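Trainee: The chain contents come next:
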Amino acid sequence: MSWVRIRELVRKEFIILFRDERNRRVLVMAPIIMILVFGYVVNYDVKDIRVAVVDQSRTRESRDLIDAFDGNRTFRVVEQSADQDDMERSLLEGRVDMVLRIPPDMASRIRKGKAAPVQILVDGSVSNMASMRIAHTATVLNDYNQTMIRRRAGRTMEYGHVDARVRTWYNPTMDSKNFFVPAIVAFVIMLISLLLTSIAVIREREQGTLEQLIVSPLRPVEMILGKTIPYIVISLVQMTLVTILAKYWFSIPIAGSLFLMFTATCLFLLSTLGVGLFISTVSSTQQQAMMTTFFFILPFFMLSGFIFPIDNMPVVVQWLTYLNPLRFFLMILRGIFLKGIGFNILWPQYLALVVLGTALFAGAVARFRKRLD
Amino acid sequence: MTPSSDDAILVQDLVKRFGEFEAVKGITFSVRRGEIFGLLGSNGSGKSTTIRMLCGIIAPTSGRARVAGYDIESQSEEVKHSIGYMSQKFSLYEDLTPFENIRFFLGLYNVDRSRWKERMEWVLETARITEVKDRLTRDLPQGWRQRLALGCALLHRPEILFLDEPTSGVDPVTRRHFWGFIRELSEQGITVFVTTHYMDEAENCDRIVMIDLGTIVAQGSPAQIIREVCPGSEGADLNEAFITLMARSAP
Numbered sequence: 055m056s057w058v059r060i061r062e063l064v065r066k067e068f069i070i071l072f073r074d075e076r077n078r079r080v081l082v083m084a085p086i087i088m089i090l091v092f093g094y095v096v097n098y099d100v101k102d103i104r105v106a107v108v109d110q111s112r113t114r115e116s117r118d119l120i121d122a123f124d125g126n127r128t129f130r131v132v133e134q135s136a137d138q139d140d141m142e143r144s145l146l147e148g149r150v151d152m153v154l155r156i157p158p159d160m161a162s163r164i165r166k167g168k169a170a171p172v173q174i175l176v177d178g179s180v181s182n183m184a185s186m187r188i189a190h191t192a193t194v195l196n197d198y199n200q201t202m203i204r205r206r207a208g209r210t211m212e213y214g215h216v217d218a219r220v221r222t223w224y225n226p227t228m229d230s231k232n233f234f235v236p237a238i239v240a241f242v243i244m245l246i247s248l249l250l251t252s253i254a255v256i257r258e259r260e261q262g263t264l265e266q267l268i269v270s271p272l273r274p275v276e277m278i279l280g281k282t283i284p285y286i287v288i289s290l291v292q293m294t295l296v297t298i299l300a301k302y303w304f305s306i307p308i309a310g311s312l313f314l315m316f317t318a319t320c321l322f323l324l325s326t327l328g329v330g331l332f333i334s335t336v337s338s339t340q341q342q343a344m345m346t347t348f349f350f351i352l353p354f355f356m357l358s359g360f361i362f363p364i365d366n367m368p369v370v371v372q373w374l375t376y377l378n379p380l381r382f383f384l385m386i387l388r389g390i391f392l393k394g395i396g397f398n399i400l401w402p403q404y405l406a407l408v409v410l411g412t413a414l415f416a417g418a419v420a421r422f423r424k425r426l427d
Numbered sequence: 046m047t048p049s050s051d052d053a054i055l056v057q058d059l060v061k062r063f064g065e066f067e068a069v070k071g072i073t074f075s076v077r078r079g080e081i082f083g084l085l086g087s088n089g090s091g092k093s094t095t096i097r098m099l100c101g102i103i104a105p106t107s108g109r110a111r112v113a114g115y116d117i118e119s120q121s122e123e124v125k126h127s128i129g130y131m132s133q134k135f136s137l138y139e140d141l142t143p144f145e146n147i148r149f150f151l152g153l154y155n156v157d158r159s160r161w162k163e164r165m166e167w168v169l170e171t172a173r174i175t176e177v178k179d180r181l182t183r184d185l186p187q188g189w190r191q192r193l194a195l196g197c198a199l200l201h202r203p204e205i206l207f208l209d210e211p212t213s214g215v216d217p218v219t220r221r222h223f224w225g226f227i228r229e230l231s232e233q234g235i236t237v238f239v240t241t242h243y244m245d246e247a248e249n250c251d252r253i254v255m256i257d258l259g260t261i262v263a264q265g266s267p268a269q270i271i272r273e274v275c276p277g278s279e280g281a282d283l284n285e286a287f288i289t290l291m292a293r294s295a296p
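So the protein lines, in turn, are chains A and B. To convert, take the position in the first sequence, counting from 1, and add 54; that gives my numbering. To convert, take the position in the second sequence, counting from 1, and add 45; that gives my numbering.
These are calculated hints, taken from the structure and not from any lab test. Values in this document were obtained by computation on a predicted structure and should not be read as measured data. In this text, a Cβ means the ideal position worked out from N, Cα and C, and glycines have one as well. A portion of the hints provided could be inaccurate.
[Unchecked claim] Here are a few chain B residues that face chain A, going by a calculated C-beta distance under 7 Å:
(1) Lys125
(2) Ser132
(3) Ser136
(4) Asp140
(5) Phe144
(6) Phe149
(7) Gly152
(8) Asn155
(9) Val156
(10) Arg160
(11) Phe226
(12) Ile288
[Claimed, not checked] Each computed DSBU-like pair below joins lysine-lysine, with the alpha-carbon atoms no more than 35 Å apart:
(13) B:Lys70 with A:Lys101
(14) A:Lys101 with A:Lys168
(15) A:Lys168 with A:Lys301
(16) B:Lys134 with A:Lys301
(17) A:Lys424 with A:Lys101
(18) B:Lys134 with B:Lys70
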């Protein structure tokens, strides 16, 4: 193996990559834009639920109930009307997230000690937001019922009950950005390393320079190193950039070891570079390579627990996720970022990355060599 | 055929099949050291497949060939060090400058570091591109890029130079200059193996093999071939001989 050859290959790759102004911008801007988008835009936190109220009862009890919602920080009563049709239109047009209808007999039923139905209409077109709004509504109604019980029974009444003192560990503020931003680190690395590696090889084939390399004494292993080293370097630089942004811009705590994080990244790169090389052997144009890349990225993405919890997937699909290096890399990143756990807990995930990475890379290299010969 | 030390290339019963299609049907010929050898044929005759097998780009289906004394299959490494190759498709890095391209190929061929400067200057001067060495290769005129490509193929001082349709798309002046240069190389002892379908150019070759549909239809010096194929017709040229041969072999 000749280091001079590898060095010259790497140098050439960097020159070509950074000569183009547009390439330079994309390489720097793509990770920054992605992390900003996911840090700010993707937000599952339920805040500011806009409520429209149809109060047909108009009693002290109904006003208390409305106040219970309005006084809660999560809810905001934005409309009040006697006409239910108006309210439904507001829901349809998206001016409110929820309609609360209090029927005329509400107060009288409560005073008789009966259950008083109130109607809650929730916009279910975004189902996960709807379920969270319903959960918050249940909390408010529960508090209201407690007040009603105390009021009827008198303040002196004592009754035994459980009192839940919930503390959320590892992400105490339950910020969804704490959940997403570490995952973005993984996603940026995957996208860049996959796409750039496959395109770097295919560009040579398209321009006819690959033929020139084949007639030279260049060995396949030198070729592979020359094509992967630049993208390992770029991925690690981007990893650093995104991690700095995560910590100092989004104040995501990095509880664990940076060294472990970079080790995991290198192991993960083994898989993505393998897939990148594989794509270069099945595509003959850059467009094909791009399409194939997205064909690979989508299942990687969906089956990783990036957004959709793996526990909710059908069992067979859950098994499939064990073949997905991104799944393990995400577990490691979230573990290191938020929980601060170390190798003693994460070693199975590291092992999985080693096994999957070696298999993918070796398979791709074998195929790549065959294509060259 | 007996192998002799005068043979730079020795091809014996070389066959290449692509699935059902037999592109090269068992050809045998040899190329002497230091000569300009032309492999002639129309498009699809199998000449590109042959040169690609000899350079190690594709593997032969059967048959043997020795290039610079090395077996193309078992000693491909040694073969690659001994040959230079320039394809019909311009194949240098267009996003690199001539300087960077030359540097890359110096590294690729493991040319000794102490000779880099001398080889670099040699290529820039012979290709007459010294003054544009820091411009992007993609911005250079076709003929200039061609000269650079030829220079890069000669950087490591190969014994044998393979040229696959080197003059397609090149203007007549550049073409004449090109053949002058090839003659110089041959005089320095470098064997030149060239494929072409321009018959007027082929007259520059010392010896020629004409192939059609994967088989050899004629071989010898240009004068010999003309005499044999067109006996008695005064002033016949290679073009005429080639057309006559094609007509003969057509079903």
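Trainee: The structure should be examined with respect to each hint, and the outcome stated for every one.
Mentor: Structure-based check of all given hints:
{"no.": "1", "hint": "Lys125", "result": "4 Å, holds"}
{"no.": "2", "hint": "Ser132", "result": "6 Å, holds"}
{"no.": "3", "hint": "Ser136", "result": "4 Å, holds"}
{"no.": "4", "hint": "Asp140", "result": "5 Å, holds"}
{"no.": "5", "hint": "Phe144", "result": "11 Å, violated"}
{"no.": "6", "hint": "Phe149", "result": "5 Å, holds"}
{"no.": "7", "hint": "Gly152", "result": "3 Å, holds"}
{"no.": "8", "hint": "Asn155", "result": "6 Å, holds"}
{"no.": "9", "hint": "Val156", "result": "9 Å, violated"}
{"no.": "10", "hint": "Arg160", "result": "13 Å, violated"}
{"no.": "11", "hint": "Phe226", "result": "20 Å, violated"}
{"no.": "12", "hint": "Ile288", "result": "31 Å, violated"}
{"no.": "13", "hint": "B:Lys70 with A:Lys101", "result": "77 Å, violated"}
{"no.": "14", "hint": "A:Lys101 with A:Lys168", "result": "33 Å, holds"}
{"no.": "15", "hint": "A:Lys168 with A:Lys301", "result": "54 Å, violated"}
{"no.": "16", "hint": "B:Lys134 with A:Lys301", "result": "50 Å, violated"}
{"no.": "17", "hint": "A:Lys424 with A:Lys101", "result": "56 Å, violated"}
{"no.": "18", "hint": "B:Lys134 with B:Lys70", "result": "25 Å, holds"}
Comparing the model with each earlier hint shows violations of hints 5, 9, 10, 11, 12, 13, 15, 16, 17; every other hint is respected.
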